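Line by line, the protein sequences are chains A and B. With the numbering used here as the guide, the letters of the first sequence map in order to residues 32 to 530. With the numbering used here as the guide, the letters of the second sequence map in order to residues 172 to 494.
Errors might be hidden in some of the hints.
Unchecked claim - Pairs of lysine-lysine, DSS-like flavour, derived with a Cα cap of 27 Å: (1) B:Lys330 / A:Lys347; (2) A:Lys347 / A:Lys217; (3) A:Lys364 / B:Lys297; (4) A:Lys506 / A:Lys480; (5) A:Lys372 / B:Lys299; (6) A:Lys407 / A:Lys509; (7) B:Lys222 / B:Lys407; (8) A:Lys347 / A:Lys407; (9) A:Lys347 / A:Lys269.
Worth flagging that the hints you see were computed from the coordinates, not collected in a lab. Keep in mind it's a predicted model, so treat the numbers as computed, not measured.
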Amino acid sequence: MEQKHLLVAEHIDKRFGITHAVNDVSLTIDAGEIRGLIGENGSGKSTFCQMLCGIYTIGGGTFTLDGQELHIRNQVEANRAGISIIVQEMGTLSGLTVAENIYLGHEEPFMHMGIKDTRAMNRSAQKLLDEYGFGRIRAGQMIDQYNFEDRKLVEIVKATYMKPKILVIDETTTALSQNGRLELYKIMDAVRADGRSVIFISHDLGEVLSRTDTVSVLRDGEYIDTVRTKDVSEDDLKRLMVGREIGNAYYRTDYGEPISSEVVLSVQDVSVPGEIEGITFDLHRGEILGFGGLSECGMHEVGKAIFGASWDRTGKVSLADGTEINDIPTAIKHSVAYTSKDRDNESIIVNESIRNNIVLPSLEDLALQGLLYGGKLNRFADKHAKDMQIKMQSVNQFVSDLSGGNKQKVVLARWIGKGSDILVLDSPTRGIDVKVKQAIYALMDEMRKNGKSMIMISEEIPELLGMSDRIFVMKDGKISGEFMRSPQLSEEDLIAKMV
Amino acid sequence: MEKQRKQEQQPSRVRSFLTGDTFKALLPLIGFVVIILVMNIMTEGRILQPKKLRLLLSQIYYPTIVATGVFFIMTLGSIDFTEGSTLGVASIVVSALSFTSIPLAILGGILTGAAIGAINGFFHVKFKLQSFIVTICTMYLFRGVCAYFTTETAVPASKAIRAMDQDWLKITITLAVLLIAWFLFRFTRIGNDVKAVGSGETAARFSGVRTDRVKFLAFVAAGALTGLAAFVNVVKVGSITATAGNQLETQILITLVLGGLPITGGAKVRFSNVVVGTLMYAVLNSGLSILGYEPQVQQLIKGIVFLVFVALTIDRKALKVIK
Numbered sequence: 032m033e034q035k036h037l038l039v040a041e042h043i044d045k046r047f048g049i050t051h052a053v054n055d056v057s058l059t060i061d062a063g064e065i066r067g068l069i070g071e072n073g074s075g076k077s078t079f080c081q082m083l084c085g086i087y088t089i090g091g092g093t094f095t096l097d098g099q100e101l102h103i104r105n106q107v108e109a110n111r112a113g114i115s116i117i118v119q120e121m122g123t124l125s126g127l128t129v130a131e132n133i134y135l136g137h138e139e140p141f142m143h144m145g146i147k148d149t150r151a152m153n154r155s156a157q158k159l160l161d162e163y164g165f166g167r168i169r170a171g172q173m174i175d176q177y178n179f180e181d182r183k184l185v186e187i188v189k190a191t192y193m194k195p196k197i198l199v200i201d202e203t204t205t206a207l208s209q210n211g212r213l214e215l216y217k218i219m220d221a222v223r224a225d226g227r228s229v230i231f232i233s234h235d236l237g238e239v240l241s242r243t244d245t246v247s248v249l250r251d252g253e254y255i256d257t258v259r260t261k262d263v264s265e266d267d268l269k270r271l272m273v274g275r276e277i278g279n280a281y282y283r284t285d286y287g288e289p290i291s292s293e294v295v296l297s298v299q300d301v302s303v304p305g306e307i308e309g310i311t312f313d314l315h316r317g318e319i320l321g322f323g324g325l326s327e328c329g330m331h332e333v334g335k336a337i338f339g340a341s342w343d344r345t346g347k348v349s350l351a352d353g354t355e356i357n358d359i360p361t362a363i364k365h366s367v368a369y370t371s372k373d374r375d376n377e378s379i380i381v382n383e384s385i386r387n388n389i390v391l392p393s394l395e396d397l398a399l400q401g402l403l404y405g406g407k408l409n410r411f412a413d414k415h416a417k418d419m420q421i422k423m424q425s426v427n428q429f430v431s432d433l434s435g436g437n438k439q440k441v442v443l444a445r446w447i448g449k450g451s452d453i454l455v456l457d458s459p460t461r462g463i464d465v466k467v468k469q470a471i472y473a474l475m476d477e478m479r480k481n482g483k484s485m486i487m488i489s490e491e492i493p494e495l496l497g498m499s500d501r502i503f504v505m506k507d508g509k510i511s512g513e514f515m516r517s518p519q520l521s522e523e524d525l526i527a528k529m530v
Numbered sequence: 172m173e174k175q176r177k178q179e180q181q182p183s184r185v186r187s188f189l190t191g192d193t194f195k196a197l198l199p200l201i202g203f204v205v206i207i208l209v210m211n212i213m214t215e216g217r218i219l220q221p222k223k224l225r226l227l228l229s230q231i232y233y234p235t236i237v238a239t240g241v242f243f244i245m246t247l248g249s250i251d252f253t254e255g256s257t258l259g260v261a262s263i264v265v266s267a268l269s270f271t272s273i274p275l276a277i278l279g280g281i282l283t284g285a286a287i288g289a290i291n292g293f294f295h296v297k298f299k300l301q302s303f304i305v306t307i308c309t310m311y312l313f314r315g316v317c318a319y320f321t322t323e324t325a326v327p328a329s330k331a332i333r334a335m336d337q338d339w340l341k342i343t344i345t346l347a348v349l350l351i352a353w354f355l356f357r358f359t360r361i362g363n364d365v366k367a368v369g370s371g372e373t374a375a376r377f378s379g380v381r382t383d384r385v386k387f388l389a390f391v392a393a394g395a396l397t398g399l400a401a402f403v404n405v406v407k408v409g410s411i412t413a414t415a416g417n418q419l420e421t422q423i424l425i426t427l428v429l430g431g432l433p434i435t436g437g438a439k440v441r442f443s444n445v446v447v448g449t450l451m452y453a454v455l456n457s458g459l460s461i462l463g464y465e466p467q468v469q470q471l472i473k474g475i476v477f478l479v480f481v482a483l484t485i486d487r488k489a490l491k492v493i494k
């Protein structure tokens with residue numbers, strides 16, 4: 032029997048200015064199928080789905096759902112047509128209750144002559160939450176009382192309760208813990224069992240392989256191929272995404288190199304109320320020092336504290352020459368760099384050009400008798416942008432146009448331009464595709480060999496094991512374990528100290 | 172199919188031009204040419220007569236000086252509503268001191284302005300209050316101070332200071348302010364720092380910009396320049412009444428926005444915004460008076476032009492509350 036095509040996309044196209052984000056993509060999705068959609072950052076997978084869901088207008092081509100051509104102008108219309116999406120970023124609105132979030136745009140059943148029946152809405156929302164097994168979330172409470180993960184669960188309810196024909200899940204699992212992921216997988220399976228379909232976007236290829244029936248690959252906005260999941264391996268998918276073989280040289284391969292005894296940065300009894308307590312350690316020359324732990328363990332605050340960015344830090348952070356670091360300008364001046372987990376807000380000025388982002392920390396070095404000349408700044412930015420192989424038209428392009436991986440390259444370019452010797456890298460590969468990840472690891476290894484020291488704070492255990500000379504594990508704001516680099520060290524060893 | 176798709180794209184291209192960056196960058200110049208042409212046609216060329224031009228120029232000295240200071244504040248993405256009342260208070264100080272010594276009067280004006288700027292900056296930075304809230308409060312406060320000293324009678328200035336009402340002096344001061352500010356904005360860290368704060372304050376802080384200091388100093392500098400403008404104002408008017416500098420703040424706001432300064436500040440700010448804006452405002456203003464419109468009608472027309480410009484120049488990608 033021939034499979035029924037649920038969704039047919041024909042010649043879908045989208046441009047943003049001169050960027051061709053989605054280039055003539057055609058694909059079909061069958062009823063009762065979980066379809067993985069993968070591709071590097073900027074490959075157009077999110078843009079494609081956001082057109083399907085009415086978030087972006089369709090640049091060209093048609094979507095046909097169940098034989099009906101779609102003419103969708105916004106998300107509410109998409110929901111009515113039977114398409115819903117769980118987005119990558121925060122998709123709930125603060126200042127509203129859980130119930131109001133779930134029924135946003137679909138309040139009519141609870142409206143009586145223009146007045147909202149709050150109690151009926153809460154009752155109905157609570158019933159939904161209970162059915163999903165999220166009964167501990169109360170429908171009448173403000174959404175702001177719940178943490179990121181619970182809000183994601185509310186979003187899942189919101190996106191699925193009306194039984195959409197197509198459910199789009201855009202990079203949602205990175206925000207969820209193991210339990211949350213399992214809940215989501217259950218819902219995906221239920222959608223499939225019901226003869227409806229899921230489009231599942233994820234960077235985690237292991238997850239894609241274990242959870243999907245078929246996988247479509249996009250590259251640079253173009254459709255590459257659709258394969259049956261059980262016929263392929265992770266390496267096959269990587270090859271399709273990147274368009275060439277990704278070697279095994281992903282992480283460092285050396286073991287047993289001694290750490291230099293030369294201390295470049297010394298952290299003594301550093302505390303930040305409510306975040307971290309009594310952190311003490313030394314960073315050595317040419318060392319990559321990993322910090323791991325659960326998301327809330329305080330390790331992200333350690334990075335800020337070292338960089339002088341914490342508001343009320345106590346304790347002492349000092350360099351080899353005795354310089355104490357208490358504020359950001361001092362840190363930068365003395366060769367300390369920091370890349371934040373919150374890249375768009377803290378690492379980079381999104382509404383600025385690549386050029387100005389790269390030169391900003393180095394302005395003092397670039398000035399001649401206090402004066403700045405445009406040509407010199409341009410040459411400086413251009414050199415370091417090109418060294419990092421940032422995909423751009425010119426350094427005058429705004430950072431807001433770049434994909435996540437390229438933004439991170441801008442961040443790294445500015446600190447390499449500054450010539451920083453101590454780099455605090457918080458989640459350096461967060462939300463970044465394989466190719467750029469590989470480039471960042473290679474860069475870290477090279478910097479290490481050149482005597483630069485790095486602190487790498489990461490939520491990804493394989494990355495910590497693969498790149499660090501030494502690993503600190505944190506729990507509840509304190510260091511709970513220390514491990515040396517070794518091929519025998521396993522994920523379980525670290526996890527045991529995290530929880 | 173192909174044809175249909177192309178047709179669909181046609182109107183969006185017009186729209187994307189209207190909202191695009193090239194158009195926004197050119198808008199002040201286009202607007203300037205359009206306003207001059209329209210005013211020239213409507214006044215049948217009277218606006219470009221030498222006598223009218225001189226009058227037109229005489230109106231823009233002190234607003235240009237004030238706008239130069241506020242330019243830095245608006246580049247930060249902040250806003251300042253105190254220029255009018257600052258000008259009033261500083262003018263009173265200048266007038267009172269003008270009987271003792273002219274240099275002292277100038278210095279007094281600048282210090283008064285700087286002090287008011289420091290108060291604004293202090294509350295904005297230390298208490299993390301939005302600048303428009305702070306400056307609306309202080310606007311009322313200093314309007315009150317101004318009224319207190321001028322209720323009985325106007326505050327007169329000395330004859331000596333009134334004798335200085337000469338074009339060359341005012342032109343020199345205005346040009347000097349413009350040149351120095353341009354130089355600082357273009358060739359020193361100051362310009363980069365204020366733009367960085369305007370485009371993304373947190374990221375600027377993490378890039379080593381001393382954001383609090385930059386913001387505080389911008390308010391002090393804007394106050395000081397308004398104080399200097401008070402001197403130019405006193406030279407011209409000779410005595411200070413309660414209405415001195417009335418509605419100057421809105422005039423400056425309109426001026427800078429007409430000049431193409433995005434109200435969100437940040438990366439797309441150009442120094443030319445100040446010059447183009449002051450000229451445009453002056454042409455619009457004197458054109459409307461030559462045409463003999465009532466002041467109320469003039470205000471109405473300016474309001475409409477202002478709205479249209481804000482809508483066309485605002486950077487929606489950077490949209491956020493004014494700091």
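Check the structure against each numbered hint from earlier and tell me which ones fail, lowest number first. The structure conflicts with hints 1, 2, 4, 6, 8 and 9, although it agrees with all the remaining ones.
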